[in-house]
Amino acid sequence: MTAPALDLRAVARAYGGGRTLFGARPVVRAVDGVTLALPQGRTLGIVGESGSGKSTLGRLALGLETPDAGHVTAFGAPMPAPGTPAWRALRRRMQMVFQDPLGALDRRIPVADQVAEPLAIHGIGAPAERRARALDALAAVGLSAAQGGRYPHELSGGQRQRVVIARALITDPDVLVCDEPVSALDVSIQAQVVNLLIDLKAARGLAMVFISHDLRVVRQIADRVAVMYLGRIVEEGAAEAVLRDPRHPYTRALVSAAPAPGRHRRERVILSGEPPNPAARPAGCAFHPRCPVAVARCRSEAPALEPAPDGHATACHRVTPAAERAA
Amino acid sequence: MTVLPASRPVAAPRRATAPWFVRLAFGWVALVLLVALTADLIAPHPYTAMSLANRLVPPFQNLAHPLGTDELGRDVLSRLVVSVRISLLIAFGATVISAVIGTVLGFLAAHFRGWVEQAVLTLADFQAAMPFLILALSVLAFFGNALWLLVGLMGLYGWERYARVARGLAISATAQGYAAAVAQLGATPSRVYLRHILPNIASTLIVSMTLVFPEVILVESGLSFLGLGVQPPMTSLGNMVGYGRDYITRAPWIMLSPALVIVFTTLAVSVVGDWLRDRLDPTLG
Amino acid sequence: MLRYLAVRAFRAAVTIALVVTFAFVVLRMSGDPAILIMGPEVPPEALAAFRRAWGLDQPIWVQYVRYFGAILNGDLGMSMRDNRPAIEMVAERIPATLALTVPALVLKLAVGIPLGVWAALHQGTGFDRAVMVAAVFGFAIPSFVLALVLVLVFSVDLGWLPSGGQGTVAHMILPVLTLGLGGAAALARFTRSAMLEVLGRPYIRTASAKGLPWAAVVRGHALPNAAIPTVTLVGFLVGSLIAGAVVVESVFSWPGVGRMLVVAVASRDLAIVQCILLLVAATMVTSNLVVDVLYGVLDPRLRHGARAAA
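Protein chains in written order, with our numbering: chain B, 22 to 348; chain A, 38 to 322; chain U, 487 to 796.
Treat the hints with caution; some may be incorrect.
To be verified - Pairwise CB distance ranges, derived in the manner of DEER restraints:
#1 A:212 with B:261: 36 to 42 Å
#2 U:550 with A:165: 23 to 29 Å
#3 U:639 with A:85: 28 to 34 Å
#4 B:62 with A:212: 31 to 37 Å
#5 B:298 with U:559: 54 to 60 Å
#6 A:151 with B:310: 37 to 43 Å
#7 A:165 with B:209: 51 to 57 Å
#8 U:615 with A:151: 44 to 50 Å
#9 A:165 with U:548: 28 to 34 Å
In case anyone wonders, no lab produced these hints; they're calculated from the structure.
Don't be surprised by glycine CBs; every beta carbon is placed ideally from N, CA and C.
Extracted from the complex, chain B is given alone in its bound form:
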């Protein structure tokens, strides 16, 4: 069996803390003990509200940040430290698509040149060949050579995101991390870009981490889904299973809030209480202040992520694992 493309073991990342000249800063535990594996060629969706730590998890998985605790392994080898030559060389195999394509592009350079830039960075091919490959990459995302000669601000939002995708894929990477790649786009454009990503990953055998707050999009593209709440994974399993039959109360609330076609209309679970604040993480299960089924134990003891025999794991005291149910 080949090593997974990415393997995260109990990674944690906190921001802030320490004393400044003018008082203590609060510690924000953005990611708090997450274990995940991304097999080659598969797609993992990560969902959660803003502040759940899903973007930080994406940056940790790519090696853009170093975890405070835990390990990240890429293709069976430890992730090199950011900025080192080994890290830079590895960028060829793992790329990223950003939420804001306009911010991710240099507004003074024609987009075809920006698409060709990873080839120049990694010393691939002669200049003329790079140019040709950039045009091929643009064609693969549905952009013409004429559009390649334009500047970012002369393109539409969807076209810009296609440019970013073309740039990310030109080095034939094995892993692509997409951080909210469509949430800044018009709804009408979102489906096109998502379909493009689905086609590309199928054609190239890409492993993909797809970060989004939009369950419909994740359901379309992901093989497996991890649901994050305040830095921890509360539920993880096959995408279809998690989104059709959510077990964690938080996931149930998320799923009920996002009506999907062809699904029975069930009663909506309304989340009550304060929206989550990563700087003030509640004791016990972090979700208990908003949980409709919380009991006393939830206030004091944090539940562990326990897998059921069907591979569907949940971190909740109120969810009886299927094994116990069967016994």
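Starting from the structure of chain B, add chains A and U where the hints point.
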């Protein structure tokens, strides 16, 4: 402190014509540049040529010496033309040096953060707080005044302003946006800074240069006026004013023509700089 | 507030230390002090003895520490030309410099601030434009040109005032005017823009919308807030009193610290130069500290430490 969002929309090229005084300023700058470039062709006499028969000729009286002559019978126009060349050369050299030093230090501060950044900022504060003339005078006292030293010394003038601008813009570019994206593609820091950040902040740096340039002319002419800058037989605008001061009662024209050139040139460059700033980068101080 | 002041005082000390280091580095880089002082024709044994006597054979960091210690003790070396303590000679010249720069500072404040405020309150009028044009010219005309033009008009043409030297009040008029006019222009321009910025803020519009008389809005809200940035510039002007006097004292042959510096630089009297360098740094740093304290008084947010990082 100027921190700009990294993805500022490109200033749309407006076709509005500049006000008359800005056009006049551009015209004067062009004239002065032309004079500096063609000084050898324009100067009617060698600038050191003395003519004891024609000493202290007033301006507009002798066709051979339209701006008159000085105590040694040297042609004021010829000296003025050569002075313009020397003064501009020093000011250009110094402005470029200080822009390079400041930008590099600003980038270093933005890239390494931590103690490097603190050191650069402390040096910048120090440079901004100490009157430059005093620092320059002390260095000249210790090292003497060769022309290259003068240019190098003047090249320290104003670096802290470029450093602050470059640091602020580079930090906002690396924190989010295109610079972070390119670094994430595996680009080396030098590629990120030179190929991406530098072209993006070039217009801001150029505006800063046009704002610093007239101040460099003023400091250089001040030093030369005091006899501590450009040394005879070489001549510069400040030098000519300093020399003419001794003849202010008998031959005020010796000192007036270079003085006017200094005033008009600093005025024109700062008008152009202000105008460029308003058009390209209204956020600069 | 206390912590804020402590941070500022620390920065001030760092600045002074930087100046001392600057002087040390420049001094050592400029050549072998033994040869510099004894002359190049002295036999090598004498040079070696001199080096031993002055600790110049010690490692450079030992020399640096000793140099620092000497300066902390007020020992700034002897003038090479007069063989007297440099600090004494410089101190003798300070009153003459103050006699010019203090009236000039008063002139700058008395002219610059009212002009700036008035121009801001009457933005776009002919008066405002005149102030702006004067300010631009004030920047572009170097002080030595202004000085010479004043001499040309008032001494050479009209014969009203002496063109140099000291003694009577008449001797002071031209140098004080030269120093004051340029600074007044800069101050007017700065005050005007500080005032305009404050006048554009929402709380000014609110105060005037509440029905407060305009004069009361200006007195009670606009002026105190515009004073904050202006204080910084005034602090800078106070700190650069000596530096500004260099050129003007030279033009008018005024026996102050500035002229002394030019003469010392021309004759390479290093002890004097170093002493004046430190004096300038000290005034600069002190006035900056005073400005910081004033900031605390003027800006209540700072007093409560909420914005101390600014």
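Outcome of the hint check:
no.: 1; hint: A:212 with B:261: 36 to 42 Å; in the structure: 38 Å, holds
no.: 2; hint: U:550 with A:165: 23 to 29 Å; in the structure: 25 Å, holds
no.: 3; hint: U:639 with A:85: 28 to 34 Å; in the structure: 32 Å, holds
no.: 4; hint: B:62 with A:212: 31 to 37 Å; in the structure: 34 Å, holds
no.: 5; hint: B:298 with U:559: 54 to 60 Å; in the structure: 57 Å, holds
no.: 6; hint: A:151 with B:310: 37 to 43 Å; in the structure: 39 Å, holds
no.: 7; hint: A:165 with B:209: 51 to 57 Å; in the structure: 53 Å, holds
no.: 8; hint: U:615 with A:151: 44 to 50 Å; in the structure: 48 Å, holds
no.: 9; hint: A:165 with U:548: 28 to 34 Å; in the structure: 32 Å, holds
Violated hints are absent here; each numbered hint is respected by the structure.
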